[in-house]
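Asks: Kindly produce the complete structure, drawing on both the sequences and the hints.
As given, the protein sequences belong to chains F and L, one line each in that order.
Sequence positions in the first sequence follow the numbering used here and run 1 to 508.
Sequence positions in the second sequence follow the numbering used here and run 1 to 508.
It is worth saying that the hints were derived from the structure and are not from the lab.
Since the model is a prediction, treat every value here as computed from it, not as a measurement.
Where is the CB? At the ideal position from N, CA and C, for every residue including glycine.
There may be inaccurate statements among the hints.
As the list claims (entries may be wrong) - Derived DEER-like restraints, expressed as beta-carbon distance ranges: (1) L:A274 with F:Q282: 41 to 51 Å; (2) L:T288 with F:G254: 19 to 29 Å; (3) F:A156 with L:G168: 50 to 60 Å; (4) L:P278 with F:E34: 35 to 45 Å; (5) L:R3 with F:P75: 49 to 59 Å; (6) L:R329 with F:E253: 17 to 27 Å; (7) F:E199 with L:R281: 47 to 57 Å.
As the list claims (entries may be wrong) - Cut-off 27 Å, straight-line C-alpha distance, at most; resulting in silico cross-link-like pairs (DSS-like, lysine-lysine): (8) L:K396 with F:K267; (9) L:K72 with L:K275; (10) L:K105 with L:K72; (11) L:K396 with L:K382; (12) F:K275 with L:K312; (13) F:K275 with F:K453; (14) L:K296 with F:K275; (15) F:K76 with F:K267; (16) F:K296 with F:K359; (17) L:K453 with L:K72; (18) F:K135 with F:K72; (19) L:K105 with F:K312; (20) L:K191 with L:K296; (21) L:K267 with F:K296; (22) F:K267 with L:K312; (23) L:K194 with L:K165; (24) L:K165 with L:K105; (25) L:K267 with F:K312; (26) L:K275 with F:K296; (27) F:K191 with L:K191; (28) F:K275 with F:K72; (29) L:K443 with L:K457.
Listed below are the residues making up each chain.
2 protein chains.
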Amino acid sequence: MGRQIEVTELILRDSHQSLLATRMALEDMVPVCEDLDNAGFWSLECWGGATYDACIRYLNEDPWERLRTFRKLMPKTRLQMLLRGQNLLGYRHYEDDVVRRFCDKAAENGMDVFRIFDALNDLRNLETAIDAVRKTGKHAQGTICYTVSPLHTIEAFVEMAQRLKDMGVDSICIKDMAALLKPQPAYDLVKGIKEKCGEDTLVHVHCHATTGVTLVSYMKAIEAGADIVDTSVSSLSLGSGHNPTEALVEMLEGTGFETRLDLERIKPVNEHFAKIRPRYRQFMSEFTGVDTEIFKSQIPGGMISNMESQLKGQGAGDRLQEVMDEVPRVRADCGYPPLVTPSSQIVGTQAVFNVIMGKYQTLTSEFADLVLGYYGSTLGEKDPKVLALAEERQQKPPITGRPADLLKPEWEELRAEASALEGCDGSDEDVLTFAQFPQVSTKFFKTRSEGPKNLGKDPVSTAATDTPAPAAAGKPGEAGKAAADKGTVTYVVSLYGQEHQVTVSPAA
Amino acid sequence: MGRQIEVTELILRDSHQSLLATRMALEDMVPVCEDLDNAGFWSLECWGGATYDACIRYLNEDPWERLRTFRKLMPKTRLQMLLRGQNLLGYRHYEDDVVRRFCDKAAENGMDVFRIFDALNDLRNLETAIDAVRKTGKHAQGTICYTVSPLHTIEAFVEMAQRLKDMGVDSICIKDMAALLKPQPAYDLVKGIKEKCGEDTLVHVHCHATTGVTLVSYMKAIEAGADIVDTSVSSLSLGSGHNPTEALVEMLEGTGFETRLDLERIKPVNEHFAKIRPRYRQFMSEFTGVDTEIFKSQIPGGMISNMESQLKGQGAGDRLQEVMDEVPRVRADCGYPPLVTPSSQIVGTQAVFNVIMGKYQTLTSEFADLVLGYYGSTLGEKDPKVLALAEERQQKPPITGRPADLLKPEWEELRAEASALEGCDGSDEDVLTFAQFPQVSTKFFKTRSEGPKNLGKDPVSTAATDTPAPAAAGKPGEAGKAAADKGTVTYVVSLYGQEHQVTVSPAA
Numbered sequence: 001m002g003r004q005i006e007v008t009e010l011i012l013r014d015s016h017q018s019l020l021a022t023r024m025a026l027e028d029m030v031p032v033c034e035d036l037d038n039a040g041f042w043s044l045e046c047w048g049g050a051t052y053d054a055c056i057r058y059l060n061e062d063p064w065e066r067l068r069t070f071r072k073l074m075p076k077t078r079l080q081m082l083l084r085g086q087n088l089l090g091y092r093h094y095e096d097d098v099v100r101r102f103c104d105k106a107a108e109n110g111m112d113v114f115r116i117f118d119a120l121n122d123l124r125n126l127e128t129a130i131d132a133v134r135k136t137g138k139h140a141q142g143t144i145c146y147t148v149s150p151l152h153t154i155e156a157f158v159e160m161a162q163r164l165k166d167m168g169v170d171s172i173c174i175k176d177m178a179a180l181l182k183p184q185p186a187y188d189l190v191k192g193i194k195e196k197c198g199e200d201t202l203v204h205v206h207c208h209a210t211t212g213v214t215l216v217s218y219m220k221a222i223e224a225g226a227d228i229v230d231t232s233v234s235s236l237s238l239g240s241g242h243n244p245t246e247a248l249v250e251m252l253e254g255t256g257f258e259t260r261l262d263l264e265r266i267k268p269v270n271e272h273f274a275k276i277r278p279r280y281r282q283f284m285s286e287f288t289g290v291d292t293e294i295f296k297s298q299i300p301g302g303m304i305s306n307m308e309s310q311l312k313g314q315g316a317g318d319r320l321q322e323v324m325d326e327v328p329r330v331r332a333d334c335g336y337p338p339l340v341t342p343s344s345q346i347v348g349t350q351a352v353f354n355v356i357m358g359k360y361q362t363l364t365s366e367f368a369d370l371v372l373g374y375y376g377s378t379l380g381e382k383d384p385k386v387l388a389l390a391e392e393r394q395q396k397p398p399i400t401g402r403p404a405d406l407l408k409p410e411w412e413e414l415r416a417e418a419s420a421l422e423g424c425d426g427s428d429e430d431v432l433t434f435a436q437f438p439q440v441s442t443k444f445f446k447t448r449s450e451g452p453k454n455l456g457k458d459p460v461s462t463a464a465t466d467t468p469a470p471a472a473a474g475k476p477g478e479a480g481k482a483a484a485d486k487g488t489v490t491y492v493v494s495l496y497g498q499e500h501q502v503t504v505s506p507a508a
Numbered sequence: 001m002g003r004q005i006e007v008t009e010l011i012l013r014d015s016h017q018s019l020l021a022t023r024m025a026l027e028d029m030v031p032v033c034e035d036l037d038n039a040g041f042w043s044l045e046c047w048g049g050a051t052y053d054a055c056i057r058y059l060n061e062d063p064w065e066r067l068r069t070f071r072k073l074m075p076k077t078r079l080q081m082l083l084r085g086q087n088l089l090g091y092r093h094y095e096d097d098v099v100r101r102f103c104d105k106a107a108e109n110g111m112d113v114f115r116i117f118d119a120l121n122d123l124r125n126l127e128t129a130i131d132a133v134r135k136t137g138k139h140a141q142g143t144i145c146y147t148v149s150p151l152h153t154i155e156a157f158v159e160m161a162q163r164l165k166d167m168g169v170d171s172i173c174i175k176d177m178a179a180l181l182k183p184q185p186a187y188d189l190v191k192g193i194k195e196k197c198g199e200d201t202l203v204h205v206h207c208h209a210t211t212g213v214t215l216v217s218y219m220k221a222i223e224a225g226a227d228i229v230d231t232s233v234s235s236l237s238l239g240s241g242h243n244p245t246e247a248l249v250e251m252l253e254g255t256g257f258e259t260r261l262d263l264e265r266i267k268p269v270n271e272h273f274a275k276i277r278p279r280y281r282q283f284m285s286e287f288t289g290v291d292t293e294i295f296k297s298q299i300p301g302g303m304i305s306n307m308e309s310q311l312k313g314q315g316a317g318d319r320l321q322e323v324m325d326e327v328p329r330v331r332a333d334c335g336y337p338p339l340v341t342p343s344s345q346i347v348g349t350q351a352v353f354n355v356i357m358g359k360y361q362t363l364t365s366e367f368a369d370l371v372l373g374y375y376g377s378t379l380g381e382k383d384p385k386v387l388a389l390a391e392e393r394q395q396k397p398p399i400t401g402r403p404a405d406l407l408k409p410e411w412e413e414l415r416a417e418a419s420a421l422e423g424c425d426g427s428d429e430d431v432l433t434f435a436q437f438p439q440v441s442t443k444f445f446k447t448r449s450e451g452p453k454n455l456g457k458d459p460v461s462t463a464a465t466d467t468p469a470p471a472a473a474g475k476p477g478e479a480g481k482a483a484a485d486k487g488t489v490t491y492v493v494s495l496y497g498q499e500h501q502v503t504v505s506p507a508a
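Replies: Rendered as structure tokens:
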């Protein structure tokens, strides 16, 4: 009878990225693949995001082997990945040829659906990836990062959707990484896109659960015509993760909308992760409830605890509220970027610096680059004073063009460098690993033959997890580290896999 | 602009009953009373349910003193309680005069809104309490216990609402204790009540959060015209508790519905309980996620873990699924009662017995009484074979009348008995305490002068918590206890504060 609502299951990627610091080993996912493949999902998100980095950094797993394994074990269902546009899965902009090669290789190894986003919603940072995926014949999904600001109106987002449509995407994703999408805007946005871009435009909604309201938003989005929603089996859901798959199915009963999911297939998957989850306790986010303060700060929970520890390191643990109040101001000053990796870390860390050292007394290099346009454009104007400070700090001019246009061809050089490394097999896949994670891959290539580590199974071997993760690895909780001394203070800010030392004398 | 939605805050009663085994001390609630009183709630649920029992059993607190304290500290907002109809807050039916005296005294001590329910939805068990509350001039709320069965149609529930209306209630509550109320039935039920009973009939919806769908149900209920919904501040919400207050407020933004809650007043309340909660860790329900299996068994999470431990005690820990499958059959056999204290425990324990000892080989006394009508009538017919077994077991006939009609006046006798106890002050309040909890109050009167114990603050003094709570004390997790021996097995089943020994030889 009712309209069929399709579902993307997140358990193999975003669920454990959000709730278990991306540490889940492939070995712990293999047992459920058959059930997942037969449960009736539209797609199974299982790759990309921070998993690529986590594979080589913590798990001694080849991410490409992980992808091929998923493909083999789940032949019936679309596999889906999250791709950070021109940043791929790494922490800088890559030259177009590298982006194209990555998309080709991902398609060749089995990827079907590419969800492509840019943290700043600068569509120029999506162009190449969208075009490359389209050329492979796979599904290119254009993404709107949902955020709230005076400039981010429904009309502005709908306009963005139309531009993505014009770029040839196969579907539009509304990505709500901080659970800010309330029911009425969810309704209005989906309705607006359907009206502007055509009823046959596939609209895919991705919400986190953090604020507690987004299952209601799914209901409203579905009423407005949304085609696909993202959920996770209930034993690894909620908190900063996602709404539970089973609850979505039950919620729709009698509404005239229905999924084609088979709960009998989902039950063993859920029971499996209920057993597995406690083994990853050391990586679990402490936050499991609902946090509606995010509606004000827009800073996700993980980032808050990080800022708290940054502040404590400076003996300023009592100033968190000041930082929370400062975040929206810093965000306004740099043109209202959505707050998602890496912009959330950049803005959050700058807010901490402002509170501890005085307003814009010290700019992080990344914040300055953001202000100068080196990550792309934002919807809002930059504050002229902050722009001048950034220019002075970086000794380079602001740009308005596409950041990747500044890059020279780099593939051959990357290939040569990678191929010289011990353990690199010279494949394009290895070169892509090196391109994105030059330092980590150097170590990984050496140890790859030892085989995967399962940090849930073998907690003795978790020493590696003490290494701070880079900011953009999807672990906002470790974006920056600060170390206090009595007089002068040296901050070690780790962003995009690079550590920056900032030394400052106390203001007093 | 929009229609105003009123909210009842549950933090002072059902939240900690559901999540902290009703153990919260008054002392830990006092600091937030001023904020709660000024936050704009329609009412503050703060008394009744299992709190009366918990006060005297575990906290050495006089429940009447608790009520007077709330009244004094929260003069502006309605105080609300949960009352089990003819059972008051105890574990048997009381004679009408006792019921009337209880309602009088509660009103006199400051109670405003009486939510009156019967576990079987037998409205005859509500009559006296509703009439008594009306006579005090306070708010009598008639309650529908929501459940799902082939007989519990929207029409049947709407009919029940009309009968409550005819009894003169001031509002209708839809009480969804197991989080079974899905969005569409929520909509249909509220709509049906408004159409049948008149648009001006106040409809108050109470859902637990256990299955993860009920915030959506609130949205739909509100769209259908619901006037008031129940929530709890977020730091003590979700799991088998309730939907978060803050999330409700945020959810409604832009929908044309709005609360009059002041989030700035709620924030400190929330922060307070975020700090308090960990101190009650030992009483915390382990379950904090979403459980949609309840839609099948209708057995709340706490009851499941209890059945599991009953089974383990019999070396039958692997037979939980059989019990879960048996519960709906037992429920059908006894006429589809809603599963709420005490019927949930009665049906659940009988299901365990059926699985371990063979179908209806042993009937608990309580199950037999339920089948024979001594708790009231159910919507469905009883299975004739089970009815015959129950008659044989209890050596008494089935009844169709109102159970309390079998009772003789008992007030003067209760007064005499109570007044003879050490520490009883002879007040009606003390007699009511004795009437409901004869054994526990005997001990409580003796120790009352020592003052309240705070089990969260002083974990050393928690020895009392090792005492098993009676089934009907709102702690389904402790409904029955079983102890295994090698040959013959003796079960100790604790229901309504009375322990029953059942000795059985193994079937094999």
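Asks: For every hint, state whether the structure bears it out.
Replies: Comparing the hints with the structure gives:
1. L:A274 with F:Q282: 41 to 51 Å: The hint (41 to 51 Å, Cβ to Cβ) is violated, given that L:A274 and F:Q282 are roughly 23 Å apart.
2. L:T288 with F:G254: 19 to 29 Å: holds, 28 Å
3. F:A156 with L:G168: 50 to 60 Å: The hint (50 to 60 Å, Cβ to Cβ) holds, given that F:A156 and L:G168 are roughly 54 Å apart.
4. L:P278 with F:E34: 35 to 45 Å: Cβ of L:P278 to Cβ of F:E34: about 41 Å, so the range 35 to 45 Å holds.
5. L:R3 with F:P75: 49 to 59 Å: holds, 52 Å
6. L:R329 with F:E253: 17 to 27 Å: holds, 22 Å
7. F:E199 with L:R281: 47 to 57 Å: For L:R281 against F:E199, whose Cβ atoms are near 52 Å apart, the range 47 to 57 Å holds.
8. L:K396 with F:K267: Violated: L:K396 and F:K267 sit about 45 Å apart, past 27 Å.
9. L:K72 with L:K275: Roughly 25 Å separates the two Cα atoms, so the pair holds.
10. L:K105 with L:K72: It holds: about 16 Å lies between the C-alpha atoms, which stays within 27 Å.
11. L:K396 with L:K382: holds, 16 Å
12. F:K275 with L:K312: holds, 19 Å
13. F:K275 with F:K453: Holds: F:K275 and F:K453 sit about 19 Å apart, inside 27 Å.
14. L:K296 with F:K275: holds, 22 Å
15. F:K76 with F:K267: Holds, at about 19 Å.
16. F:K296 with F:K359: Holds: F:K296 and F:K359 sit about 20 Å apart, inside 27 Å.
17. L:K453 with L:K72: Distance of about 21 Å is within 27 Å: holds.
18. F:K135 with F:K72: Given that 27 Å is the threshold and the Cα spacing comes to 23 Å, the pair holds.
19. L:K105 with F:K312: violated, 53 Å
20. L:K191 with L:K296: Holds, at about 26 Å.
21. L:K267 with F:K296: It holds: about 13 Å lies between the C-alpha atoms, which stays within 27 Å.
22. F:K267 with L:K312: holds, 23 Å
23. L:K194 with L:K165: OK: L:K194 and L:K165 at ~11 Å, within 27 Å.
24. L:K165 with L:K105: It holds: about 24 Å lies between the C-alpha atoms, which stays within 27 Å.
25. L:K267 with F:K312: holds, 23 Å
26. L:K275 with F:K296: Holds - the C-alpha atoms of F:K296 and L:K275 are around 21 Å apart, at most 27 Å.
27. F:K191 with L:K191: Roughly 26 Å separates the two Cα atoms, so the pair holds.
28. F:K275 with F:K72: holds, 25 Å
29. L:K443 with L:K457: holds, 22 Å
Going down the numbered hints, you'll see the structure goes against 1, 8, 19, while the others check out.
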